[in-house]
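There are 2 protein chains.
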Amino acid sequence: MERITGKYYIETPYELEKAAAVLAGEQSSGTFVAIPGETEELKQRFAARVEKIMPLESVKEPAIPGATSKSGLYHRANIEVSWSIENFGYNLPVLISTLQGNLYELTQFTGLKLMDIELPASYSGHFKGPQFGITGCRELTQVQDRPLIGTIIKPSIGMSPQQTAALVKTLAEAGIDFVKDDELQSSAANSKFEDRVDAIMRVINDHADKTGKKVMYAFNISDETDSMLRRYEYIVNAGGTCAMLSLNSVGLSGVKKICDQRQLAIHGHRNGWGMLNRHPLLGIEFPAYQKLWRLAGVDQIHVNGIQNKFWESDDSVVRSIEACLQPLANGTTVLPVVSSGQWGGQAFETYRRTQTVDLLYMAGGGIMAHPDGPTGGVVALQQAWQGAVYGLTQQEAVKKYPEFANSVKKFGTSS
Amino acid sequence: MERITGKYYIETPYELEKAAAVLAGEQSSGTFVAIPGETEELKQRFAARVEKIMPLESVKEPAIPGATSKSGLYHRANIEVSWSIENFGYNLPVLISTLQGNLYELTQFTGLKLMDIELPASYSGHFKGPQFGITGCRELTQVQDRPLIGTIIKPSIGMSPQQTAALVKTLAEAGIDFVKDDELQSSAANSKFEDRVDAIMRVINDHADKTGKKVMYAFNISDETDSMLRRYEYIVNAGGTCAMLSLNSVGLSGVKKICDQRQLAIHGHRNGWGMLNRHPLLGIEFPAYQKLWRLAGVDQIHVNGIQNKFWESDDSVVRSIEACLQPLANGTTVLPVVSSGQWGGQAFETYRRTQTVDLLYMAGGGIMAHPDGPTGGVVALQQAWQGAVYGLTQQEAVKKYPEFANSVKKFGTSS
Numbered sequence: 027m028e029r030i031t032g033k034y035y036i037e038t039p040y041e042l043e044k045a046a047a048v049l050a051g052e053q054s055s056g057t058f059v060a061i062p063g064e065t066e067e068l069k070q071r072f073a074a075r076v077e078k079i080m081p082l083e084s085v086k087e088p089a090i091p092g093a094t095s096k097s098g099l100y101h102r103a104n105i106e107v108s109w110s111i112e113n114f115g116y117n118l119p120v121l122i123s124t125l126q127g128n129l130y131e132l133t134q135f136t137g138l139k140l141m142d143i144e145l146p147a148s149y150s151g152h153f154k155g156p157q158f159g160i161t162g163c164r165e166l167t168q169v170q171d172r173p174l175i176g177t178i179i180k181p182s183i184g185m186s187p188q189q190t191a192a193l194v195k196t197l198a199e200a201g202i203d204f205v206k207d208d209e210l211q212s213s214a215a216n217s218k219f220e221d222r223v224d225a226i227m228r229v230i231n232d233h234a235d236k237t238g239k240k241v242m243y244a245f246n247i248s249d250e251t252d253s254m255l256r257r258y259e260y261i262v263n264a265g266g267t268c269a270m271l272s273l274n275s276v277g278l279s280g281v282k283k284i285c286d287q288r289q290l291a292i293h294g295h296r297n298g299w300g301m302l303n304r305h306p307l308l309g310i311e312f313p314a315y316q317k318l319w320r321l322a323g324v325d326q327i328h329v330n331g332i333q334n335k336f337w338e339s340d341d342s343v344v345r346s347i348e349a350c351l352q353p354l355a356n357g358t359t360v361l362p363v364v365s366s367g368q369w370g371g372q373a374f375e376t377y378r379r380t381q382t383v384d385l386l387y388m389a390g391g392g393i394m395a396h397p398d399g400p401t402g403g404v405v406a407l408q409q410a411w412q413g414a415v416y417g418l419t420q421q422e423a424v425k426k427y428p429e430f431a432n433s434v435k436k437f438g439t440s441s
Numbered sequence: 027m028e029r030i031t032g033k034y035y036i037e038t039p040y041e042l043e044k045a046a047a048v049l050a051g052e053q054s055s056g057t058f059v060a061i062p063g064e065t066e067e068l069k070q071r072f073a074a075r076v077e078k079i080m081p082l083e084s085v086k087e088p089a090i091p092g093a094t095s096k097s098g099l100y101h102r103a104n105i106e107v108s109w110s111i112e113n114f115g116y117n118l119p120v121l122i123s124t125l126q127g128n129l130y131e132l133t134q135f136t137g138l139k140l141m142d143i144e145l146p147a148s149y150s151g152h153f154k155g156p157q158f159g160i161t162g163c164r165e166l167t168q169v170q171d172r173p174l175i176g177t178i179i180k181p182s183i184g185m186s187p188q189q190t191a192a193l194v195k196t197l198a199e200a201g202i203d204f205v206k207d208d209e210l211q212s213s214a215a216n217s218k219f220e221d222r223v224d225a226i227m228r229v230i231n232d233h234a235d236k237t238g239k240k241v242m243y244a245f246n247i248s249d250e251t252d253s254m255l256r257r258y259e260y261i262v263n264a265g266g267t268c269a270m271l272s273l274n275s276v277g278l279s280g281v282k283k284i285c286d287q288r289q290l291a292i293h294g295h296r297n298g299w300g301m302l303n304r305h306p307l308l309g310i311e312f313p314a315y316q317k318l319w320r321l322a323g324v325d326q327i328h329v330n331g332i333q334n335k336f337w338e339s340d341d342s343v344v345r346s347i348e349a350c351l352q353p354l355a356n357g358t359t360v361l362p363v364v365s366s367g368q369w370g371g372q373a374f375e376t377y378r379r380t381q382t383v384d385l386l387y388m389a390g391g392g393i394m395a396h397p398d399g400p401t402g403g404v405v406a407l408q409q410a411w412q413g414a415v416y417g418l419t420q421q422e423a424v425k426k427y428p429e430f431a432n433s434v435k436k437f438g439t440s441s
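Going line by line, the protein sequences match chains A and B. Just so we're aligned, residue 27 is where the first sequence starts under the numbering used here, counting upward by one. Just so we're aligned, residue 27 is where the second sequence starts under the numbering used here, counting upward by one.
For reference, chain A alone in the conformation it holds in the complex (with noise of 0.2 Å):
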């Protein structure tokens, strides 16, 4: 029967073998009370294994509140446990609340975090996984050989659906493949969801009958599930291409069943992500996570960004790009969407560490800040792209690309 493994991090006052112990314990058939008819056979097939233990360094403080060491060390570890899938099936929500649940309650951990999932051949069967992903989404946008070049509407509140629609416009005449609503953006008092797809798909669908490229727009549909689907089918009538799912607000259920219509590409964003993963001892990291959303069906997903304005480290998002290339359900992959301070001067980096242009690089400032404009903003960031893939230094792609120069004149730092 196949299994799943989860693989976690944690620090424990206990010695390591009893803490994965009572890990596969609470998390498995429990054994409190003798039941007629249990057998050791059914304990076998049904409970929770520990795989491994890696043992790692001791420390003298816990990492978070929980039973005291009478050694006065917490010893932190990798260890792997399995679970078979007899037990839950292709049912996600068990599937995390086996994985992660009451894990977190243990006083017996001052430190747990699920660091990856290793899933099974079948699930790779049962879910079909993004319906565009990667290769889908450069099909809606045209855009090959190079990475999606994207941005946000800023403000996030506060413009009408005719501003935001004339922003759209001089973005889609710079060039740009996709522009998204922010996650706090959905529909408002002065910008009326319904308002804000008539507007703006107007300028998209007459940009693309001039042009032959259709701008992707990500129009942020996140709420309870039907309003979800009516705005879905809004988007659909409209010749849109994308819809936005704040992915931790909604929550798994709603998300699986928005990518289930399978008409549009979904751009999963991660906001409320700093909470599940900040603390290094403590929710779950990158790989696990976008496996679970990945299998639920979204096509895009955040990421952050090398030198990115927030807390993540270069290494964190290193990591996060390798897990979203690597196949899952049906050979399937999604689109990292990388942003934050993002302005091309970062796509040196970006492309040395991962090797890779199947990203959507969102720039915010970088792209209607730019000296010569817009235009000049969407060109430079293509034009840093190509440099960084030809192995030019940003010193030699400022030599060769008069916008890409202006872009480091204006936003960067000496490199």
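Treat the hints with caution; some may be incorrect.
Derived lysine-lysine pairs resembling PhoX-like cross-links, with alpha carbons at most 25 Å apart [as the list claims (entries may be wrong)]:
1) 218(B) <-> 69(A)
2) 44(B) <-> 180(A)
3) 44(A) <-> 180(B)
4) 154(B) <-> 218(A)
5) 335(A) <-> 86(B)
6) 335(A) <-> 44(B)
7) 86(A) <-> 86(B)
8) 69(B) <-> 180(A)
9) 335(A) <-> 96(B)
10) 69(A) <-> 195(B)
11) 69(B) <-> 335(A)
12) 218(B) <-> 154(A)
13) 180(B) <-> 69(A)
14) 335(B) <-> 86(A)
15) 44(B) <-> 69(A)
16) 69(B) <-> 218(A)
17) 195(A) <-> 69(B)
To spell it out: a stretch of chain A is covered by chain B in this simulated footprint if at least three of its residues, at any positions, have a beta carbon under 8 Å from a beta carbon of chain B; those stretches are [stated by the list, open to error]:
18) 122-135
19) 242-255
Don't read these hints as lab results, they were simulated from the structure. These numbers come from a predicted model, not from an experiment. Note that the Cβ used here is the ideal one computed from N, Cα and C, for glycine as well.
Add chain B to chain A, keeping to what the hints say.
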């Protein structure tokens, strides 16, 4: 215009005023380019507003990784920030993205926890709240003037529907009010969901026919949306009165969709909660958390228990119970589910501190492993609560109640 206020506990290497402004700015209109037509009036209307800054202590080590302090000090404070409901209306996922969202990513904070939310009056009109809540769950189980006494099926995985039903029969005959699936159990290889409902509801309906009392069984329907709706209907048709959802695993949009059916009491399990709460300066506190799920319509929600086996303090548990009993949408309340290591001995302290019997009081071993059998276990819990309400000490209750006295012998430590 009505506003929603988020109350945060923060830590920052920056001046408090500056950090609060960053928080409000990140979750607000944003201003990185000047937009034609963006007036001061528009900003006033849509921008987040810092309402209060209440400085606390400064510390020398940051609680979580972030920006380094130049002064070497990290300043803690309680702050309040408000948003106009024009920004998101009655959209709970966008409200969550606004109140939490990218805030946890900000390097300007080395700690950030959402402590509570103040909702405007119109939310009470818009959101119906739970269909059953405390009053409705009491009516369904015919229990007045004492906590509902409940238990959980163990082992959580591995028993056949027939074995589970036999256990439910024993518990029903013992006088139990409520029984629930484990959060790890929904539909497993040897306990298909529908078979389990059939077997258990046969027992519960038979018992109700004989005695007039229908035991409430919380079947775990956590899954994708369509499956949850199908199984919800299956429970309704079988004469059941309750369904269980793992709130964090299913997510808000899925939970709201199920609650909106309004035919079954919804048992809200908070597994995964430790990830969101365990660090003192990261995540969300229960007073804020429970409001979101109550707006979604959850009838019962887990609060852990006094002297529990997990890491949570009694003070935190008491605050959680009190939060549940505050009226919210349409003046409704939610039934607090007390569990984790409970056997009756904690009734005295629980009542002393909360002065309420509006609880679903869950015990596992305290019932099944009682020296006089499950009937003795259920009776002992009822006695403990009667004693607590009468103002008896545990010692006085031991003298008065023989079954409770046997509980103390088996489960109690010196008191």
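Verification of the hints:
A threshold of 25 Å between alpha carbons decides the hint, and for residue 218(B) with residue 69(A) the separation of about 18 Å falls inside it, so the pair holds. A C-alpha spacing of about 22 Å is found between residue 44(B) and residue 180(A), which places the hinted pair at or below 25 Å, so the restraint holds. Between residue 44(A) and residue 180(B) the alpha-carbon distance is near 22 Å, which keeps this suggested pair within the 25 Å criterion. Taking the CA atoms of residue 154(B) and residue 218(A), the gap is about 24 Å. The hint holds against a cut of 25 Å.
Between residue 335(A) and residue 86(B) the alpha-carbon distance is near 24 Å, which keeps this suggested pair within the 25 Å criterion. For a cut-off of 25 Å, the pair hint linking residue 335(A) to residue 44(B) stands: about 16 Å separates their Cα positions. For the given pair, residue 86(A) sits about 18 Å from residue 86(B) by alpha-carbon distance, which is consistent with the 25 Å threshold. A C-alpha spacing of about 13 Å is found between residue 69(B) and residue 180(A), which places the hinted pair at or below 25 Å, so the restraint holds.
For the hint linking residue 335(A) to residue 96(B), the alpha-carbon distance of about 18 Å falls within 25 Å, and the restraint holds. Proximity of residue 69(A) to residue 195(B) is assessed by CA-CA distance (about 23 Å); at most 25 Å being required, the pair is judged to hold. Simply put, residue 69(B) and residue 335(A) have alpha-carbon atoms about 24 Å apart, close enough for the 25 Å limit, and the pair holds. The suggested pairing of residue 218(B) with residue 154(A) holds, with an alpha-carbon distance near 24 Å, which does not exceed 25 Å.
Straight-line distance between C-alpha atoms of residue 180(B) and residue 69(A) comes to about 13 Å, which keeps the hinted pair within the 25 Å bound. Distance restraint check for residue 335(B) and residue 86(A): the Cα-Cα separation of roughly 24 Å lies within the 25 Å cut-off, and the hinted pair is therefore satisfied. Under the criterion of a C-alpha separation no larger than 25 Å, the hint pairing residue 44(B) with residue 69(A) is inconsistent with the structure, at around 57 Å. Distance restraint check for residue 69(B) and residue 218(A): the Cα-Cα separation of roughly 18 Å lies within the 25 Å cut-off, and the hinted pair is therefore satisfied.
Taking the CA atoms of residue 195(A) and residue 69(B), the gap is near 23 Å; set against the 25 Å cutoff, the hint holds. Coverage of the segment 122-135 of chain A by chain B holds in this model, with 11 residues showing a Cβ closer than 8 Å to a Cβ of that chain against a need of three. For the segment 242-255 of chain A, the proposed coverage by chain B is satisfied: 8 residues have a C-beta within less than 8 Å of a C-beta in that chain, meeting the threshold of three.
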